[in-house]
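Keeping their order, the protein sequence lines are chains A and B. Just so you know, my numbering puts 41 at position 41 of the first sequence, and the rest follows in order with no gaps. Just so you know, my numbering puts 100 at position 100 of the second sequence, and the rest follows in order with no gaps.
In case anyone wonders, no lab produced these hints; they're calculated from the structure. Small disclaimer: the values here were computed from a predicted structure and weren't measured. Be aware that a few hints might be false.
For lysine-lysine, the following DSSO-like pairs were computed, each having C-alpha atoms within a straight-line distance of at most 27 Å [claimed, not checked]:
(1) A:K42 - A:K83
(2) A:K42 - B:K58
(3) A:K83 - A:K57
(4) B:K69 - A:K42
(5) A:K57 - A:K78
(6) B:K49 - B:K68
(7) B:K58 - A:K83
(8) A:K78 - B:K69
(9) B:K69 - B:K49
(10) A:K42 - A:K78
(11) A:K57 - A:K42
(12) B:K58 - A:K57
(13) B:K58 - B:K69
(14) B:K68 - B:K58
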Amino acid sequence: EPEVTQTPSHQVTQMGQEVILRCVPISNHLYFYWYRQILGQKVEFLVSFYNNEISEKSEIFDDQFSVERPDGSNFTLKIRSTKLEDSAMYFCASSESGLPYNEQFFGPGTRLTVL
Amino acid sequence: AQSVTQLGSHVSVSEGALVLLRCNYSSSVPPYLFWYVQYPNQGLQLLLKYTSAATLVKGINGFEAEFKKSETSFHLTKPSAHMRDAAEYFCAVSDPGGDYKLSFGAGTTVTVRA
Chain A
1 EPEVTQTPSH
11 QVTQMGQEVI
21 LRCVPISNHL
31 YFYWYRQILG
41 QKVEFLVSFY
51 NNEISEKSEI
61 FDDQFSVERP
71 DGSNFTLKIR
81 STKLEDSAMY
91 FCASSESGLP
101 YNEQFFGPGT
111 RLTVL
Chain B
1 AQSVTQLGSH
11 VSVSEGALVL
21 LRCNYSSSVP
31 PYLFWYVQYP
41 NQGLQLLLKY
51 TSAATLVKGI
61 NGFEAEFKKS
71 ETSFHLTKPS
81 AHMRDAAEYF
91 CAVSDPGGDY
101 KLSFGAGTTV
111 TVRA
């Protein structure tokens, strides 16, 4: 069964460093998303991406964040200068369409720890 | 903005007992509602969804949920818990007006006692 994969599973970085979280969405999906979950808090939407551009972003997704689909399979989230408060589990998701009732398929997450 | 509230961060049930997880939504129009499950070290997996068709929705692994507009609720149930149901469960909502994003509840951790 097709699944969304994410690498690495755990990333430890120093404050101020750049990190890139990688995702491989399901191959025939067209819409891609990043969510994050800070420990003990809700899963929060960060950004959605379609047709090589951002469709929607939350207020969390500031200038320190960027997303890219560098090739036909990968979808990346870059944090330019990490802060302690960026420590969280980051989930990638994909869906066939952007319709609000369509299932979003989630990856297993990358746990980012900023020291 | 759409939002959901999950009552109870942790539920403990005996094997074979009823599982009831509560979710209430906040919206002026009936939204689309979802229940996701997360097993340890895995991603979020869709259990079921409500998209304004039948109010009683059946999902995978014996779970079902009933949409009650009068109560703004979408509670998840399973008649008989199994050890493999131990996981974290998330209720989520999306806006019928077209927003792509899901808004999640805080999650409920289910433990199953032998």
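Structure versus earlier hints - violations, ascending order: 7, 8, 12
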